[in-house]
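2 protein chains.
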Amino acid sequence: MNLDTLYSELTLKTNAKLVLLVLDGVGDVATREQGYLTPLEAAATPNLDALAKDSAQGRMIPVAPGITPGSGPGHLGLFGYDPLEFQVGRGVIEALGLGLELRAGDVAARANFCSLDAKGIVTDRRAGRIDTAVCEELVALLSQKIKKVGDAEVIIKAGKGHRFVVVFRGKGLEGPLSDADPHREGLPVPQAAPVNPKSVKAKKAAKLVAGFYQAALPLLAQKKPANGFLMRGIAHQPEIPLFQDRYGLRPACIAVYPMYKGLAQLVGMTKLEGPQTIAQQFERYLAERANYDFFFIHFKYTDMYGEDGNFAAKRKAIEEVDAALPILLRQKPDVLVITGDHSTPCVMKGHSWHPQPVMLHSAFSGSDKLERFTDTGANAGSLGVFPAKYLIRLMQANARMLDKFGA
Amino acid sequence: MNLDTLYSELTLKTNAKLVLLVLDGVGDVATREQGYLTPLEAAATPNLDALAKDSAQGRMIPVAPGITPGSGPGHLGLFGYDPLEFQVGRGVIEALGLGLELRAGDVAARANFCSLDAKGIVTDRRAGRIDTAVCEELVALLSQKIKKVGDAEVIIKAGKGHRFVVVFRGKGLEGPLSDADPHREGLPVPQAAPVNPKSVKAKKAAKLVAGFYQAALPLLAQKKPANGFLMRGIAHQPEIPLFQDRYGLRPACIAVYPMYKGLAQLVGMTKLEGPQTIAQQFERYLAERANYDFFFIHFKYTDMYGEDGNFAAKRKAIEEVDAALPILLRQKPDVLVITGDHSTPCVMKGHSWHPQPVMLHSAFSGSDKLERFTDTGANAGSLGVFPAKYLIRLMQANARMLDKFGA
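From first to last, the protein sequence lines are chains A and B.
According to my numbering, the residues represented by the first sequence are 1 to 407, in order.
According to my numbering, the residues represented by the second sequence are 1 to 407, in order.
Chain A extracted, bound-state conformation (with noise of 0.2 Å):
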């Protein structure tokens, strides 16, 4: 039997709260130069402590090991969803970043203008990365010029500096192409083909995206330095089961980026517009928690100071939503989860594949009378090191929503 469809037949209907609370990135490593801690370990949760007390604690591989997850595969993964089985695009995740909602068989591709001399010869892959303004005022040109190429609505919409995004939303399209983009100066721009030549629908696209450039290009002939564009990533948003389907639960986002209510938009989560701060955040659930059974709630500053390798920024984030965390124990969920959606270390200054730690807590959870949350710490608990996608499942578990299977 499919252990999906096991998990889907014991799947019970009750009046359980969960919170999945997803600190980005807040995964690390002990070195020598912090002193051997961790910034989880470094930091002061008095809060974090006290739950961890009664919780459940492991470590989660996000893909698989040695794989380092982008925000995409993270987010899938800890939504439940097998990120090899369901992969996103480029495109699609920065179609989803800009804030664009994207319906499954869209596609969408990165973009970015350029120069290029009188022979359509790529002189630079980003334009003397122009202004935000100038991108802006460019990408308004076209909008306003193309709305539709051959029967496909053309949605485009400026990012930051040279970065703009193109959506195409038409009737049997897929992806992936192959990149519009040379990758370096001196070459032209090749045109976007179909990475699987069978496939109708991809050619279809690939003529869509050879006809946005026969529209655009003209328009700006002469524009200077952005007088041509390069598309990469160019993929439709999959059909992807909606995880209020998948386990009975309703589900709302409340994140602040873009990228992460895109995320969860994807797998039809409702987006809880307008908190800032992890606080307001916190507020927020306790104003929803009668329309919702199920929360996602994003905080991405761990994850951004790991980039950075700010270690005391890290672990202040960490103490800041250590300290909010009573807002949200007001009315404590009847199972809580906090993790990351990977690692990010600071000695790495990125996204790293060494398995997060995960502190789950509930009724029923148990004690693995650790007496902090922390990445050392989550290595003796009982949850051991476990793939990402089943998450959710122990949520629900843990919320007395799966039966018993067998007698």
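Hints in this document: simulated from the structure, not taken from any laboratory.
Certain hints may be false.
[Unchecked claim] With a straight-line cut-off of 20 Å between C-alpha atoms, the simulated PhoX-like cross-links for lysine-lysine are:
no. : chain 1 : residue 1 : chain 2 : residue 2
1   : B       : K404      : A       : K349
2   : B       : K119      : B       : K198
3   : A       : K148      : A       : K201
4   : A       : K300      : B       : K404
5   : B       : K204      : B       : K147
6   : A       : K145      : A       : K207
7   : A       : K171      : A       : K204
8   : B       : K207      : B       : K148
9   : B       : K369      : A       : K369
Position chain B relative to chain A; hints supplied.
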């Protein structure tokens, strides 16, 4: 998406040097009789201890829970090849163990001399355990008289006592074949037959075995007590993807015993011959450091003394490695792993299924805050208990050879 494909796509070229130091069978169990200490725990290992402080630890499952591997599956797993997918027949292992250089498609058999009565009934399956010298004489006779069977080259090599191996090198051959061995006295020697009766290549191999018997038996007819022979584990050398293609690393093997050189050669490692002691092996690594990216260094004696049930000697063998370790560390690899291919508990006097401890040291391994490298201590490590086949992927990650997956 297939996980191996993903790993391949993410693999980057770097200048990192990786070392896999295998203390064969190092894993053990703590028992009352030995004061609840394993050999690793009882040994004085100041150099391993110093490394432990800045390393990650865990335990590895060689094949699957409860499966005790031979050296073949044990090492294939370590090298990152699923031992269930890539099976190497006993004949091949035996031939490799005798130092024969096999090619893909060669069919190899373990063989041993036996005694037959006038009717061809096996009266002694080991021919009274003849001396190695006698075996070598008989093999020399057979080798001299039988160069080919059909269109296939025949290679015969003597082992210890009554044992030898036979290799058929020709076109269009494959195993496995059933044994030409009744497995007890009082029966005739059965013909080897294809395990898969539909395999044309195996039928051809079976014909060669029959032809070999036809040519060899008359040569032995007057010999006493070794007037016959049995053949077992008749299999071909499988096609195994090359280590270098799989990992993008130029691999070298520094081993003393032929079996391990053979297993390394099976995946395309270069054998660096000469060193006899572990200190010499480490010196050889220093000398060859510029020429390879990955070094497999094999130390046999931990397994040998485990098989003898000799706790004190196993402990001493570990201390010998520890004492030599500073040589290796003169030019510290970017990633250093110390582990076994399996456990060989003294109390079992043989290989076992107990997950072997593993220690991984790199600039990004982090510290598990363990003061020593031991079986029990490794239980608390951040690597958890994981299948051995992922080890090299973790080494690649620590060498920053695996790019980020997804945006």
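Could you check the structure against the hints above and give me the numbers of any it violates, in ascending order?
2
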